[in-house]
Structure formats: C-alpha cells, structure tokens
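**Student:** Now for the letters of each chain:
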Amino acid sequence: MADPLMIFDILLALSIVALATASLSVRDQFTMIVLFIIFGLLSALAWVRLSAPDVALAEAAIGTGVTGALLLKTLHHLRFVSGSRNRQPMTGVAPLPPVPLGVTLANAAFCGLITLGLAAGFLGAPAAGPGFDMLVAEAMPTSGVAHPVTGVLLNFRAYDTLMEVVVLLAAVVAVWQIERGLSEAPAPVMGVVWQGFARLALPAIVVVGTYLLWGGAEAPGGAFQGGAVLAAMGLLLLLTRAYVPQPGHRGIARWAFVLGTGVFALVALLVAGGGRVAFEYPLEHAKTLILLIEGMVTISIAVTLAALFHGREPVALTTGGRHDT
Amino acid sequence: MSVDLSPITLAIFVPLFGAIMAFLLPRAASVIGLATLALTTGAVIWLARAVLTGGAVVLPLGGWGAPLGIDLRADGLSVAMLGLTCAVGFLVSVAALDSLKGAQQARQRQYFWPLWLLLLTGMNGVYLGTDIFNLYVMIEVIALAAVGLTVLSGSRAAVQAGLEYMYASILGALLFLMGVGFIYLQLGRLDFAGLTGAEPTGALIAALALMFVGLALKTALFPLHFWLPAAHANATAPASALLSGLVVKAALYIVLRLAQYMPFPSETLLTLVGLMGAGAVIWGGIQALRAERLKLLVAWSTVAQIGLIFVAFARAGEVGLPESWKAAALLILAHGIAKAAMFLAAGRIKDEIGHDVIRDLDRSPIRPTLAQFTFALAAISLIGLPPSLGFIGKWSLMEGAMAAGYWHWVAVTMAGTLMSVAYFSRVFAGFLRFDRVRAPVGEHQGWALADAAPLTLALAAIGLGLLAAPILGFIEIGYPFGVAP
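Chains A and B are the protein sequences, given in the same order.
Residue numbers for the first sequence follow this note's numbering, beginning at 1 and rising by one.
Residue numbers for the second sequence follow this note's numbering, beginning at 1 and rising by one.
Note that these hints are calculated values from the structure, not bench results.
Model, not experiment: these values are computed from the prediction.
Treat the hints with care, since some could be wrong.
[Claimed, not checked] Straight-line C-alpha distance at most 20 Å; calculated SDA-like pairs for lysine to any residue:
#, chain 1, residue 1, chain 2, residue 2
1, B, Lys101, A, Glu179
2, A, Lys73, A, Gly311
3, A, Lys287, A, Arg276
4, B, Lys101, A, Ile178
5, A, Lys287, A, Leu266
6, A, Lys287, B, Gly63
7, B, Lys350, B, Ala103
8, A, Lys73, A, Ile62
9, B, Lys101, B, Ser30
Pulled out of the complex, with its shape left as it was, chain B reads as follows (with noise of 0.2 Å):
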C-alpha cells in the first residue's frame, strides 16, 4: 500500500511528530528539534511551489469536504505565513543551540524543543486551517505551548508574568468559542466558505465582536495589551523571540480571515479598531521610552507594533479594505522576522554583559558589537527605514491612507515613527558611548557564532524590501478579497 502525502498535511505532521520524538527522547531533542525544522521547512517550499503554479491548494482532510469535514487551504497568504513561521523558527532555533548550551540549561534544553514544535504545529494548523472551530483548538494548542516557553526559563518573574499571560489567553479562546458558537447558531456550519455573503444578523455581529475581543486579547492589541511586556520581557530569549517574532501573528492572522470572509463591520467599527491600534502606538511607544530594561523596551515596541498593523487594517476604511490587508501582511512579515532579530540579539547582549539595564549599557567594558549591530539593523526595519520591508510596509500603510484621505492614520504612523526613533535612540547611546568604562574597552569581545543567526534575520527584514514587488505579488495568489464587494 502507498502513501501519498500532501505538503499540506506534512506542514502540521511533521512538527508534531517531531514534538512526539523530542519529547520521548530527551537527550537528542536538539537534533530531532533542528531536522524537524528543516524537514517541514521543505514541506512549505513544496507546498509554495504547488500554489505558485497551480494558485490556492485545498485538501478536505477524510475525503467528506466542508462544511461536514474540515478542509486545510493554502494560498498565497498561508504560506507566506508558513514560510515566516519556518524561517524564522529555523533561525531561531539554530540561535537556540547555543543560548541552551550551558550545563545548568539541561532541563530548559530538554523541553524547549517538544514545546516549541508542538507551537510550530498549532501555528501551521492555524495558516493552514479553513474552519472556524479548528482555527479555536489550534490557537488553545498554541497557548497552551506559549505559556510553556514563557515559564520556561523558571524564574519567579517569568512564572507570574507567564501565569498572566495564560488567564489572558484562555479568557481570549473562550470569548472567540463562544464567538464561534454564535455563527453555529445562525449559519449552522463552521467553515470560513459558509460565512462568505451571510447577512449580518445580530447574531453574527455578537459572534464578530466577541471573536475580535478574544483575539485582541490574544494579540495584544491596547488595551488589552497588559499581559505581553512582561511576559516577552521575562522569558528566555529564543522563547522571547517565538513570542513576539511569530506567536502573536497567528491570532492576527485570524482577524484578517474573518475581515476576509465575514460581514465585515460599518466604518464606525473600523475606525475603532484603527484608535485602538492608534492607542497601542502611543501608549507602547511612552512605555518604550520609559522602560529600564532592554528586553522590556523591546516587548513595548512589540505592543506599538502590533498596534501600527490595527491601524494598517483601518488605514482606508470599509471601501479600501481589500487592498489595506496588504499593508498589513507586509507589516506582519517585517515585525516578524525583525522582532525575532531584535529579541534574539538583545538576549545575546544580555547574556556578554551580564545584564540588561539600559541605564548601565554603557559601563561596560565588554561590548557585544556584533549583537548590538544586529540590534541596530533591527530596528532600522522596526523604525521603517528604507530599504527595509518595515519601510515598504509603513510605506503602503501611508499611501492607502493619504489616497483615501484619511490624514490622522498618517500622522499616527509619523509619531509612532518619531517615537520608535526616541526609543531605540535610548539603548544606541548606551551602544556607542565608551566614556563611562573604566577598564579598557574589548572592543572585540562577545563575537560569537551565535550572532549568525541573529544577524541573518536582521539583514533578512533590510533585504526583502528590495523584494517588496514579487511579495506582494505572491501574498496575492489565490486572492483572498476576490469575494469583497
């Protein structure tokens, strides 16, 4: 008997055999975490190949088809996520075989890998997921692995901060549950074809708004942000980079699915969702700039970030809304791979220096320069500085908005620009002035092979604006607002 597999069930399977094997065999997770990711790294390129040449790819899992079954889809969206995901995930874990290394690490070692790919598999299960209710189990796979690798570096913070971001998370997927039971009651089916063009009946307009609470809640969208600063600030930094790199896309995602799919809101609703986006800029950028931690300020800007792609989503109201999804994507890819970066790096001058006082930065007479240059081209992507894929993202975030008219989304962007500016400004004069070390300064120091990896991703978010054009153009393929009015 022959098996014939499909790229699309292997990007879900192979991490969660994967997570199966790591966690049985404790001593080679490493190993079995790093082909893992390489194997499903290869699933999603077969899989990006299949959708480039023959457009979206649909496979009704047990041969019934929706709305009965459950039927997995990739287009170009989906696998421009997955692609994120895999990419960033396989740097990030090279990254993670050496900030793991040390003897007293054993047990963080031992179940990073079984956490991290069972994240890896609830991810991939929600880019590729095509049913509501599916979409609700995998992001409670995901919270459930997310909170494993918060808590994972065991210090006392990381537990509190991770025991929050649980009760966060949970009260999130049960708000969409429910959300979702609304659409059962009225649709009687579940799968995303069946909400396209349905009338929106009070029912469906409660299911939308108890889903999109649930999923800010998830995303950390102001204010209902309260949870993430300490929770991306606390963990360890490979788990602090999945964290803000690629975890809090997933429940993004879901929100641009259900914008795709659903009876989306009025232009009242949307211009909320842009202020609370508006809300999350400011008010990330001002703790940003106040925070006295390294990490700390790097998870606010997380928190400002998320806010700026609420604002893309809202940037040229109801009638632009099938073109600001692009904006959006663009902006999710660029906080993804830049973020993961930035964290990375940051856990790296943590680790040379000793700590990650911002104040102190520059006492030291160790300097990381590697990692602190990592850290630089980070954030020229986070601050959106050209070439990088930031920049075309804030780019067509602006463009949609001034052709539109809508001047306040641009003057938004500009000051959360300006304020990223101040923010990031605060930890490169601790990068560059030398004054305050006493000992002489070993300039050299703290180059290590575990800034390759880093330093990848963040020449990866300057790099792929130059390849904004094909992109955009993939991310199009099996075109998601073909169905908007």
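Next up, chain A with everything else stripped away, as it sits in the complex (with noise of 0.2 Å):
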C-alpha cells in the first residue's frame, strides 16, 4: 500500500504543472489570474511538503497575495483605459501576427532540448548536497536569535536582506517617479459586506501580521512575510477608501519607505568599531538589534508594498476633484 502522503505529493505536483499549463494557455486575463493565484497558493504547500515554512508562508503572502493583488489592479486598470475588456488593452498596440506552426515547434523543440539538458544538470548534481547546515548549526549559538532562516537573513548574510530591502526601496521609488497623470482607474464599487469584513478584518490582520515578525526569532516567520500581512491591511484601507492617499501624506511615506533600509544600515555600519567589522552585531545585543531591525524593516516592507499596490505617488489634483470618467 502506498504511502497516502506520496499520493497526495504526485496529485499536488500533478495539479501545479496543469495550473501553470492553463494559466498560459487561458485566454482570458481575468481567469488567467486566478489560475495564476492559486497555483501559488498550492506551490505554498508544496513548500510545506518541502519542509520549508519560511518559504511557503512567504509565497502565499507575497507570491501569491500581494502579487495576485497587483495583478487584479493592473488589470482593472487596462480594462479602465481600454474602456471595453475584449479591446486591446493599449491603444496604438497591434495585435501580433499569428506565430508560424513550424517556428511553434521550432521554439519547442529548443526549449525542450534546454529543459533536458538543465534537467540532465540537476539529476547529475549531488541528491543531497553538502549546504550550509552544518556551518548554520555551528555558528547558531553566538546568532543572537534561535531560528537558523532568521539566523542566516539577519545575522550569517544579513548584507544580502539589506540588499533586498534596497530592491523594495528602488522599486517604489521607481514607481513613483512614473508620471502617471492627474486620472486615476475608480475604484470598483465596496458593498456593505465589504466594509463590514474590513472592519472585522483589520484587527486580525494586525495580530497575525505582528505575530509573524515576532515569532520569527524562533519559529518560522519573520520582516517579510510579516510585512506582506501587514499590506494586506494597507489593501484593504485603500480598496474601501477608508485611507485616500493625499499630497500632503508623501513626506511621511517617504520616511515610512526608506525606515527599514536606513534602520539596518545604520545599525550595520555602527555597530563596526573595536575589533569588530560591520554587520557584526555585539552577541549581548544581537536579539535586540535583529528584532530592531526585523520591526523597522517590517514596517517599511508593509508601507511599500501597499504603495506599489497603489501605484503612484499622490499629486495634487486639480480643482473640480478626481478625473474619474
């Protein structure tokens, strides 16, 4: 008798591949997201089946959640500009030619031959491999905090997750020096159901989201996948215009998104200085300068991935209100 587990591992690998099949193949954007979302809500689990917890939680909160978000946003968006779902989303924008049959199969057999080849790699290279974890077993006593994943983000290659915080930074910044115009999409219309989740919403929100940055020191959590929860309640606030994003409230964003990143790289580069190097926390205080870090970051990750869900920097709209038609 089979092992039910394998069972449910073959079904749930088989079920991702036929997702990411139909999600390209699906001609119609809208089903094409959802496929889209909940092939990352299932490669979550499979995460989980991987013994990766750090990751799957961080799939479904960023990869899934906030991505598939951004995602229905966008759309709304093209489905704004273009006026009609069917039209091209941009105008000025030629449909492309029909693509030949044989340069089709031309392209699949290459990247056919690729995949054989990169899967030649892969079941060539040590099943496995020797990894970092012995080294992050060795060195977890004197990491200040009693997670290995927390314990290799924050302290081992803490550069590294400042570098990425960087990415975020650079991101929004990005997006927000995009002149988007004085129109914005309108918001599809909240019914009653919708502000009364919210509401009920938010407080849990806030709990869970707190308690995965908090519980990273020891368990699996931690600055992002805290941060992507938080966001959601950034979400929620601008898709029930509870909270308008105004001119007058850039300043503070402004700080909001460079918090994390300036918090860690001070922390870093002060924490250098008799004897020690930068990034190399005093052990004394390492549990307090990781979680330091972790909640300004945390919050800064939550700020900018609400804004990039919003998608512009709030100028100041001319007289007469909002260009919405």
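Dock the two chains into a complex; use the hints.
**Tutor:** So this is what it looks like as structure tokens:
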C-alpha cells in the first residue's frame, strides 16, 4: 500500500503543473490571474511539503497575495483605460500576428532541449549537497536568535537581506517617479459586506502580521512575511477608501519607505569598531538589534507593498475633483 | 564607542545613505547627490591607496567569513571599475545639474538623484562582491534603478523602452539566479573561492550556461541586444550616459569574474562567445550606419563595442585567457569613459539644436561647437585612434590575437573599426557642412559650462591612453588569474 502522503505529493505536483499550463494557455486575462493565484497557493503547499515553511509563508503572502492583488489592480486599470474588456489594453498596440506553426515547433524543440539539458545537470548533481546546514548549526549559538532561517537572513547573510530591502526601495522610487497624469482608475464599487469584512479583518491582520514578525526569532516567519500580511491591511484600507492617499502624506510615506533600509544600514555600520566589522552585532545585543531591524523593515515592507499597490505618487489634483470619467 | 569605518563598506554605504537622503529631501537632492559622489570618490581613492600599498583587501561582513558569511574584496580590477564608476559618475552628475535645471524638469530632478545613487550602490556592490548570490541581489538593485532612470524622461517611447528593458533585465537576473541554484546544488557554497578548481560537472556547466545567458541579456550581447538601442536612445541625456557608459559594464564585470573562478568552458564555447561578439560588432555597425537619430546611432555603437569586448575576451582562445581579460578590461574602461562623454555631448547637441536627426544636423544655424568637438574626441577613442585608451585596448586585443594566430578576430576588429569610422563620419559630415544653412551661422552659439563635464570625459578617454602601462599594472594587483593553469 502506497504512502498516502506520497499520493498527495504526486497529486499536488500534477496540479501545480496543470495550473501553470492552464494559466499560460487560457485567453481571458481574469481567468489567467485567478489560475495564477491558485497556482501560488498550491506552490506554498508544496513548500510546506518540502519542509520549508518560511518559503511557504513568503510564497503565500507575497508571491500569491500581494502579487495577485497587483495583477488584479493592473487588469482593472487596463480595462479602465481601454474602456472595454475585449479590446487591446493599450491603444496603438497592434495585435501580434499569428506565429507560424514551424516556428512554434522549432521553439518547442529548442526549449525542450534546454529543459532536458538542465534536467540532466540537475540529476547529475549530488542529491543531498553539502550546503550550509553544518556551518549554520555551528554558528547558531552566537547568532542571537533561535530560528536558523532568521539567523541566516538577519545575521550571517544580513548584507544580502539589506540589499533585498534596497531592491524594494528602488522599486517604489521607480514607481513613484513615473508620471501618471491626474486621472486615476475609479475604485471598484464596494458593497456593505466589504466594509463590514474590512472592519472585522483589520484587527486580525494586525495580530497575525505582528505575530509573524515576533515569532520569526524562534519559528518560521519574519519581516518579509509579517510585512506582506500587514500590507494586506493597507490594501483593504485603500480598496474600501477608508484611506485615500493625499499629496500631503508624501513626506511621511517617504520616511516609511526608507525606515527599514536606513535603520538596517545604520545598525550595520555603527556596530563596527573595537575589533568588530560591519554587520558584526555584539552578542549580548544581537537579539535586540535583530528585532529592531526586523521591526523597522516590517514597517517599510508593509508600507512599500501597499504603495506599490496604489501604484503612483499621490499628486495634487486640480480643482473639480478626480478625473474619474 | 568608536566606530571603525572601512573604505570598502563606505564605497557601498555612502551612496546608499545618499540615496535615502536625496529621496527624503527632494529639494536638496542635487546638493546631496553631488556631495555623495564626492564622498564616494574619496572612499574609492582611500581604497585604491590601500590596494596599491598592501594588495587586495578583504572584509568579512559580520565577522563570519565565507562561505557562511559574505566577504567583500577589493583588488586592482575591482578598484579600477570603482574608479571608472565614480569618476564618470561624478562628471555625469555635474552635467546632470545643468541638463535637469529647467522648471519643467523639477520632477525629473527630484527622482534622478535617488535612483542614480541607488544604482551607484548596486554597481559598487557588484565590484566588491565575492558571493554569487549577493551578486544576484546587486544586479536586481541595478536593474530596478536603471529602469527607473530609463523612463525618467516620461515620454511614451521611453516608457515603452523601459518596460522592454525591465523584462529583459529581470529575465536575465532570473536566469542568473537559476545558475546560482545549480552551483549551490553542486558545491554547497556560494563564494567565489568555493568555485575555484571545481570539477566541471553537468550541474556546473548548466549553471555557467544559465549565468552567461542571463548576463549576456543584461549586457546586451548580440543577439540578446534587442532592448538596448531604444532604452539608451530614449532616456534623458545623463541617464543615457550612465546606462551606456556604466550599467552594462556591471554584467560584463561579472562575466570576467566568473571566467576567473569557474572551470571555464572549452575552446568551442569560447569561440562561440567570440562569434556572438563578432555578430554584435557587425550588426551594431550596420544598424548604426542606418540610424536616423544621433542618440540611436550612439546606442547602436554601444552594441558594437560590447561585442568587441567579448571578442577581446575570446581573442586568444582558452590558453590566452589569463592575458585576454586585460584587453577586455581596458576596452571596458575606454568604452565607459568615451561613451558617457559621447552621450552627454549628443544630449547637449540635441538640447541646443532642438532635434537629433542626423540628416538635418547641417541645416541648423546653431552650432554647438564645443559639444560637437567633444563628440568627435569621444569618437576618436571609440574608433580606436592613437593615443586614446580605446586604441590601447584594440591594439592589445589584436596583438594577442595575432600572437595566437587567430587572424579572424583581427579581421573582425578591423571590420568593426572601419564601420565605426563610417558611421561616425555620417555625424561629422553634419557637423562640418555649412552650405545648407539659410540663416547666418552662429558659430559660437551653444558654448556653455555644461560642455565642461563631457569635454573632460572625452579628453580623459584620449589622454588615459598615455597612462595605459600604469593602468595595466594596477588592474593586475591581486592578480585575478593567478590560479589559472
């Protein structure tokens, strides 16, 4: 009798491949996005089965949640701009001519060859590589935290994590600098149920997000996952129009974007001295410093993701209100 | 508690803090930007002195040391790239002060500085990095900041080109990341030192192929150059200068480093790399000959020059690699300086005349003579006339190829040189012919302080050729190919 978990794994793997294929082959954009979101959720489940709960949380919160929301927002915007769901989203973009069958086949053969080559390389590699496990296990007692993933992200390889936060900062600066004019896609009409849901969900989101951040020291979770969950709160506020970004809020938003990067970089630099180099936290303060960094980074991630969802710098609107039509 | 600062960390953190400050205080962004560039240059000079006196400098961040932690390392080549980035970056920043001073450019001015300083953070991080996963993160920082700079002008063409650039850039980064995954799978570590002397197994060859294709996409090596011309031609002038002069060099530099540490491919693969380079030289040349606009011509010339750098890389085959990288490095430095000068000059010409249609350059009664002179000087280095740095690079390329008996690479270089003479002559003809102007020619119009920065760069591109020997000596410090067979 086969192991029931084995059957589950096989079904999961098949579903993921099927969903990926379906989301690529379906023509309707909305269906495509929904399929992609389900694909993401199942991928998160796959990460759990691979004993990587941190990645699973990140995949669910960022890869599926925030990305799905961004995709749906973009779709909404495209339909608003084009005015009709079946026309080409951008005026002036001609539909692509159909690709000849021969070209498709040649492409398929080429891609197939590459995939086979990569598969051969993958199978030829040692099944359980040496990896960092031993090194991490040895260094954990001096890291200031108990969860190995947090130890790697915030201590051993904190420089990488700092630069990942910088990537997010660069993204929001790049998005803000794109001049989008004054018009804005009208928010979808939100019913009473929505408002009620938001009221119920907001406190829960705050608790879950903060727990993910705090728990990250001992268990799976951390700044990225917590920040993404808190960003969901921002999304709800924006969607229900409980919060409308104003030009006057730009200053504080800028501070919120850079808070994580700034504090992280400052701590990294200021701990140097007395024989220590940058990023070398004194052991007795390591846990405090890591929590401080994580807390600030969580705030920045939450605000930045929400701002990316909003998708533009709030600019002063001309008199006469929004150009919604 | 005293804080010990190392020039290595400063070279990365000063631009990072500068970017944060410039973003927080948009009104003071220009001042903060220039001050940051000056401080970063200072840190690089400090680092250069340390490398000159004591050889390569290593800093284990967090005190962990590779492979668990991440080491930063500065040797001659790193410092040369940092020096190129800071010197060119500083002069482009000075030029940006002028070209972004208009009232309608307030928004561009506000965002140029944080994006450019984030870009500088990423590039300096690449040149000091010794960890392939960290390099992946750094090229993501570069990619997003560079895309932001591409679309800074806000024109529809720029946004479209920026979107294409972003797709290409992110695809390239993901291919690189997949390669990183394969390396970790095989070796269980991510630092350069761990790659040294590894057996070329299937996984490592797959990794190398993935990383090379990803980097080729990012550096716009033919036939993966499709995104470059539109992106570089439609950006605002200082952004074009940064993108073409500096940004594509970061991916090139990683290729150099991988060749240094990875079990490098056979003769066949190296020939393939050379052939891609040759394709770029020819195709870039043809497109530059056909280009209708000045900035597009300059952008296509970047495609050709990038190709030439890969030809330099392959010039003497596998055996010659421990020497060939120096020719490639010289060409990288030469192109970085000259192309930044040329894009700034082209931007000045466009600003003064009001358009950059090559055919109509000689119809304008306005003669931005100094900008035209700058353009010509930069062209001299790009064509490779003595005594420019471009000449030394090309000479060293051909010398090595001849010594190894690889005459086909000499032929490619010659063909590329001839084509560059041809396409730059199209521009010179527009500068020189006065007969189509109906109005009185204002010969001395369009001299401005704004020409100072590009002119300095162009003169440096020519003059540095005379200092080629010390430069070559410097990039050999911490001899990167010391471990080669």
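**Student:** All hints, please: hold or fail.
**Tutor:** These are the hints, each one checked on the structure:
Between Lys101(B) and Glu179(A) the alpha-carbon distance is near 18 Å, which keeps this suggested pair within the 20 Å criterion. At most 20 Å may separate the alpha-carbon atoms for a hinted pair to count; Lys73(A) and Gly311(A) meet this at roughly 9 Å. Taking the CA atoms of Lys287(A) and Arg276(A), the gap is near 17 Å; set against the 20 Å cutoff, the hint holds. Restraint check for Lys101(B) and Ile178(A): satisfied, since their Cα atoms lie roughly 19 Å apart, inside the 20 Å limit.
Between Lys287(A) and Leu266(A) the CA atoms are separated by roughly 16 Å; this keeps the pair inside 20 Å, and the hint holds. With a CA separation close to 17 Å, the supplied pair Lys287(A) and Gly63(B) stays within the 20 Å bound. For the hint pairing Lys350(B) with Ala103(B), the CA-to-CA distance comes to about 18 Å; that is within 20 Å, so the pair holds. For a cut-off of 20 Å, the pair hint linking Lys73(A) to Ile62(A) stands: about 15 Å separates their Cα positions.
The suggested pairing of Lys101(B) with Ser30(B) holds, with an alpha-carbon distance near 10 Å, which does not exceed 20 Å.
Taken one by one, the earlier hints all hold for this structure without exception.
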